[in-house]
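Residues in the sequence shown are numbered from 242 upward in steps of one, following this note's numbering.
Hint data in this document are derived by calculation from the structure and do not stem from the laboratory.
If you're wondering where the values come from, they're calculated on a predicted model, not measured in any experiment.
One should not assume that every hint holds.
[To be verified] Between beta-carbon pairs, the in silico distance windows are:
| no. | residue 1 | residue 2 | range |
| --- | --- | --- | --- |
| 1 | L290 | F248 | 35 to 41 Å |
| 2 | I260 | V301 | 19 to 25 Å |
| 3 | F248 | I285 | 24 to 30 Å |
| 4 | L266 | S289 | 34 to 40 Å |
| 5 | I306 | F248 | 49 to 55 Å |
| 6 | K262 | L292 | 18 to 24 Å |
| 7 | A309 | A284 | 31 to 37 Å |
Glycine residues also receive a C-beta, built at the ideal position from the N, C-alpha and C atoms.
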Amino acid sequence: MKKGKEFIFPENVDKDYGIWKDYTLKDFGYAALAGLVGLIFIAIPPYSLILVLIKIVIVVLAMTIVMAILTIRPVSARK
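Input sequences plus hints: build the corresponding full structure.
Below, the structure is given as structure tokens:
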């Protein structure tokens, strides 16, 4: 009995579907979660101008770190 086509993928192919510039839906979930936590952090009182600016800087740094970690993630099977 004839089987269907058999596909063979190299070892370094990632199984996740890249949505935009090799970011997966899971990566966007991590970034959205970090952004939500950042917005909650900014919403916590006190609301003086200097403290809000400091909070915004902290959130921007945290989002940059999250995106950097997602970007430099290596493919585990690459040789």
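Here is how each hint holds up against the structure:
no., hint, verdict
1, L290 <-> F248: 35 to 41 Å, "58 Å, violated"
2, I260 <-> V301: 19 to 25 Å, "23 Å, holds"
3, F248 <-> I285: 24 to 30 Å, "51 Å, violated"
4, L266 <-> S289: 34 to 40 Å, "38 Å, holds"
5, I306 <-> F248: 49 to 55 Å, "37 Å, violated"
6, K262 <-> L292: 18 to 24 Å, "35 Å, violated"
7, A309 <-> A284: 31 to 37 Å, "25 Å, violated"
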